[in-house]
Amino acid sequence: MKENAIRWLELGVTVTACYMAAVTMVQTTLYARLVDIVGDSFVGALLGEYIAYMDVAVIVLAVAGVAYLWRRGAEANFGRIFMVNMLLFFPSVLDFSTFNWVGLIFDLTPAPQVTAHWVFAVGLILQAAYLTLRHTVRFREMREELLSRGAAAEDIDQVSGGQMGYLIMAVSATAALTTAIYLVAPVISGAAERPLEGIPVPHVVIGVVVVLLIAAALILYLRSRD
Amino acid sequence: MTARLLSQDTIELVVTAVTFLVMGMFLGNIILITLGLAPVIFLALGVLVGQPTVTAVERVGKDIKVNVDDKISDRVTVTVGGGPGVVTVADVLPKSFALEEGTNFKAFWKGLKPRTVEFGYISLCPKRGYYDIGEISYEVRHPLVMNANQLGTTVAKRAIVVQPQPLFVRKIKNHKSVTKIPMPLDARFRFGIPTTDFREIREYQRGDHYRNINWKASAKRLSYKPGGFLVNEYEREGKKVVWIFLDSAAHMGLGTTVSNTMEYAIRATLGFTNFYLERDCRVGLCVYDHDAFQWEGAFRSKEKAPEIGALEGIYQMEELGGVGPEPEAAHERQRVQSRVIFPDTGKRQQYKITRELLHVEVRYSSESLKEAIHSCRRYIVGTQPLFVVITMIEAAKVKGIMDGVRELHRYMGRAYGRPNIILFNVMGYSVAAQTEEEKMAAGFLTYHNKPAYDLLRSRGCTVVNWDPVGESFAQALQRQKVSG
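So the sequence lines, in the order shown, correspond to chains A and B. In terms of the working numbering, the first sequence opens at residue 1 and continues consecutively. In terms of the working numbering, the second sequence opens at residue 1001 and continues consecutively.
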């Protein structure tokens, strides 16, 4: 696989993820409130009937922004792409949160136009994009390094092809397993509800402890293999 | 070989997962919590599948002896097992070798199945030396860069001896009657029974046998000019001796790593060695450092002085208490062992000299020419050898050569006339010059050296200038004949 092919794949992943996040955002309660505020202000008066195109403008602006960051191609730029995507994704997450802190502040009643499954799917696309992009950058760096060390161009293309194939497989398997967990989660939640009812500690505390345990277990496992 | 699993990328994945999980709990959002598991699952998949392991690396090539500018070939076979990933294998060649065909560095992708990869190369060996290619190094990388790279080496020994190419001078052997270059016929063994091979007619000297007087020639001469008798001189039995002194000073490094003055000097040394050995001469080699004349001191005995304890029986001896070390001791030069191969004949001697020349580098010896001659004096006294000094003559440093020539006179005495000394000047400035301007500058510097050549010639030396870029070794000697 040539470097150009990797770059085009990066562009496809970047634009798809950003587009999906932006499209989801323009269908959230928080965004609707922001559009109302803008419409009521002097900006709305200036825009007039063109305010109907605001959704398209936001989507195009976001996609153009990440395309520019993709063009730069450095690892830091790919980090920014992920941050922009998460920023666009965040309002839709709020609509499906039990504790919608932002909604409480702005007195919002969640009325999303998308389903929870849609939001999860978009989130999964963002994660897949994040995992893919951070590795394609490494693959491109490795190409340059191998080239500078005197490797043949055909060998490097073959290495890149193998890496990309493996990455796509790993990301696909991750997405499949995550989806399975998401679908099974309500069942597990229902089963765990009764045993956890008697614990005299807030569930947030338990959650934090569990997260810390997961992180510690991961680190300890990896260190034990060193 | 162990793999470090906590690379920067791995840590980043863990941090991302924890951030999502914490945010999910803070907002009470099952979507974020589930999405937070994605990096953990990705990490687990990568770690569980693992990375490749190199099981065998084999080299086809065997030990070989080649000449300078010859080509060698080799093939390497690598067998890889374990998980998928990137593998790089490098058969590291000596710096002076130039890759002509193929590659000595291979990068390949190892899939889920075991894989065997073979690669090869043809390499040019432009510099003499003994090269031991001992190891093949490899590097194994995790397909998703989750582990630190694993480095390893496999022993796959191969010795490559690159011999310098001798410069043959057979073409000028028939011109000895005309040439002024002292050839080995002039370099006689002093003692030995005279043979029946006529050499020359010379003036009668005290001690000459009356049977050797050439009456006819003497009468002819006396008929028109009063003087002494003339005697016939015959070749003496015994091997003729040739001493080659090779300069290894810093200025001999002028040029590139592959093509420098030293390399040409070594090829010339081999050329002289072969030439004289083929003519049944005894050839000796001594490597010296021209620059060492600047810091040479008084000659010191190499034998250790007897310890004071051995002289306890001498009562009159003054006590040594309070006498500190001599102030010069702190500045005393560490002298390296002499680099000398004593004169001998035949193929064995040729092999010995060739082997020694494989290792000669700049600053190979630390003795000046004068000191080197002093080291060899026991083999010089009693013979009248031919001396070939291969160096790069510089006007500013001509004193070192002058001292050496003076030392030669000292050990050989005046009774047998001037010693036969060839100063073979490898013109290093021409070797180093790349552009037209540099070549012009080299010409100026050579011109600047002319008084030094004249000075050396006045001391009885035959100065042969050789521009290795512009002419062949044989041409340099031939030109000397014509101009001389």
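No lab work stands behind these hints: they were computed from the structure. You may find that some hints are simply not true.
Coverage of chain B stretches by chain A, computed from C-beta distances (three or more under 8 Å per stretch; other residues unrestricted) [said to hold, decoys possible]:
| # | segment |
| --- | --- |
| 1 | 1010-1023 |
| 2 | 1034-1045 |
| 3 | 1075-1081 |
| 4 | 1106-1116 |
| 5 | 1138-1148 |
Derived coverage of chain A by chain B (criterion: at least 3 residues anywhere in the stretch with Cβ under 8 Å from a Cβ of chain B; other residues may be distant) [claimed, not checked]:
| # | segment |
| --- | --- |
| 6 | 166-177 |
| 7 | 206-212 |
Backbone N, C-alpha and C define an ideal beta-carbon position, used for all residues, glycine too.
Original post:
Would you say the segment 1138-1148 of chain B counts as covered by chain A, given the rule of at least 3 residues with C-beta under 8 Å?
Top reply: holds (count 4)
Original post:
Under a C-beta cut-off of less than 8 Å, do 3 or more residues of the segment 1106-1116 of chain B approach chain A closely enough to confirm the stated coverage?
Top reply: Satisfied; 6 residues make the cut.
Subject >> Coverage claim, chain A over the segment 1075-1081 of chain B, checked by counting residues with Cβ within 8 Å (three needed) >> reply: Since three or more residues must qualify, the claim that chain A covers the segment 1075-1081 of chain B is violated, with 0 doing so at under 8 Å.
Original post:
Has the segment 206-212 of chain A got at least three residues whose CB is nearer than 8 Å to a CB belonging to chain B?
Top reply: holds (count 3)
Subject >> Three-residue Cβ test at 8 Å for the coverage of the segment 166-177 of chain A by chain B >> reply: Per the Cβ count (8), the hint holds.
Original post:
Taking a Cβ-to-Cβ distance below 8 Å as contact, does the segment 1034-1045 of chain B have at least three residues touching chain A?
Top reply: Holds, because 10 residues of the segment 1034-1045 of chain B bring their Cβ atoms closer than 8 Å to Cβ atoms of chain A.
Subject >> Given coverage of the segment 1010-1023 of chain B by chain A, checked by CB-CB distance under 8 Å (3 or more) >> reply: holds (count 8)
Consistency with the previously given hints fails for number 3 only.
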